[in-house]
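Start from the sequences and build out the full structure, keeping to the hints where you can.
Sequences listed follow chains A and B, in order.
Read the first sequence against this note's numbering and you will find it ends at 289, with the numbers running on by one and no gaps.
Read the second sequence against this note's numbering and you will find it ends at 301, with the numbers running on by one and no gaps.
Each statement offered as a hint is correct.
Pairs of lysine-lysine, DSS-like flavour, derived with a Cα cap of 30 angstroms: (1) B:Lys-24 with A:Lys-101; (2) B:Lys-267 with A:Lys-238; (3) A:Lys-238 with B:Lys-262; (4) B:Lys-261 with A:Lys-238.
Hints listed in this document are in silico derivations from the structure and should not be mistaken for laboratory results.
Chain by chain, the residues run as shown.
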Amino acid sequence: MQAIIRRSPAIRAWILLAPAVAWLFIFFLAPLVIVLIYSFLERGTYGGVVWQPTLENYRRVFDALYFNTFTRSVYIAVATTVICLILGFPMAYFIATRPQKIRNSLLLALMIPFWTNFLIRTYAWLTLLRTNTGLINVTLLSLGIIDEPLPLFGNDFAIILGLVYGWLPDMVLPVYAALERLDRSLLEAAQDLYAGRWQVFRRVIWPLSLPGVVAGSMLVFIPSLGAFVTPAILGGGKSLMIGNIISNQFLAAHDWPFGSALSMLMMVFMLVATLIYFRAVNREGGAGL
Amino acid sequence: MTAVTKPTTTILPESRASRQERIKTQLATLGLTGYGILAYLFLYLPIIILVIFSFNDSRSTAQWAGFSTAWYVEMMQDNQIIISLWNSLFVAIVSTAISTVLGTLAAMAMERYRFRGRLVMDAILYLPIIIPDIAMAIMLLLFFNISGIGFNTWRIELAGLRLSVPYSVIIGHVAFNISFVAVVVRARLAHMDRTLEEAASDLYANAWHTFWRVTLPMLMPGIIGGALLAFTLSLDDFVITFFTAGPGFNTLPVRVFGMIKKGVTPKINAVSSLMLAGSLALVLISIFLRRGDDRGGIEIV
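Set out below in structure tokens:
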């Protein structure tokens, strides 16, 4: 027996993997399969399910109420990603062009929010944005700059702001990693060949930073679409996203099959969006990737 | 005296075009720096304001009424918060210990061996990182509800407090942390010089000895990095804990969420500041441990 183990690398690998794989099969893959199965079952009268296969849960997703929330969530996630890219790219470029020493401090300063609690960073914005008691409105009102509190809270604006704030470092870090690898001599070569600033960016910097942009966009888009905390806190209870609807099915409505169907659709949508995005970027990148 | 000393070397008169170009470049540099400063202000101002108002001498989180540490005193006297804090630490320590061992073993298998099913395992290991936490949370909620396992509690006495921690929370935390540990340890393994291990086995060290005396010490920075990440993620997690805890069990983030839902007070700011200090300490520890290691924090992402 021992001889077999010693001789076969595959068996040794599986022994090493076994505990982690067992854990993930039981506590990750099995739950995933359960959600998939439940999404095709009928809801029981008092919570639970009836073992009767149906497509009704998936059809219900297209009811106006839920479908609107779905499309709004997609809109919020896309807007968040685009804004993070617009804000994050120059930030990454700024960091990448600093001298080594400053660059390390700047990276550290970026890592700190990344390691701090997301809930708390969202709460910080709650104290700033609240309609009548938020710092921004209170200050602006007391300075007499505005007469009415600005609608900063309980809407899509607040949610997008909270998400951008929460996920911006996730965009900056991979873009920075790509820019840092960028060969400076390429920029000089382009300039020597009389490329204008815009052309250097469009033809050299942008295509070479695409892998970072793709990674960053995914890191922002996926958690934004599945957001739960941000809309729950900054949405003011009315501006809800798909994550909140899913949670309601499990915590309040006790409609597990419908909640399961919503989660499955959300994950499939994320997968499809990711694939389409990768393809589009690959085409755009051409030789750059 | 306003005498201007003339430069001794003659400088060719700058052409108009190149001068314009130079000014444009300077403006662009200036703009970029200004933008960078603004961007960092955007990241830090909300947190700084949050901390400032934790010291406010009034119930408001928007109007400054003088310095006070009353909210911290109130926080320390709130038994619910203290219990939540210990719950958080207990869950984080236990789940980090388990996921570090499992994740490290898995990383060694993935990085050191080629075997059938490796690509599938790769995908399975990455899934918990990619999947949004709300999806993972309801998956686990459903699983624990149906299987009936997990909602039993682990009763312990810690710091004179009686804690009862549902196994489900620990199980869930391990489930997402294994993958993060595996990623960090694999990165270390991939960069590790294998000649020392080969030398050890050339010198007739058996596999076990080589592992304990050579591989493990060299791998240690990766393992500690992975454990620190797991510990941080576990402490910070709200969504998965919220859905898998069942009623009555709070970690600190879950407690904070409940407090926010009831109403904003500087007491929440005080708890938040405490958690911020904790995260900051963890970041500093991880940097301290990574000193001399040439790879930056980027790899964790």
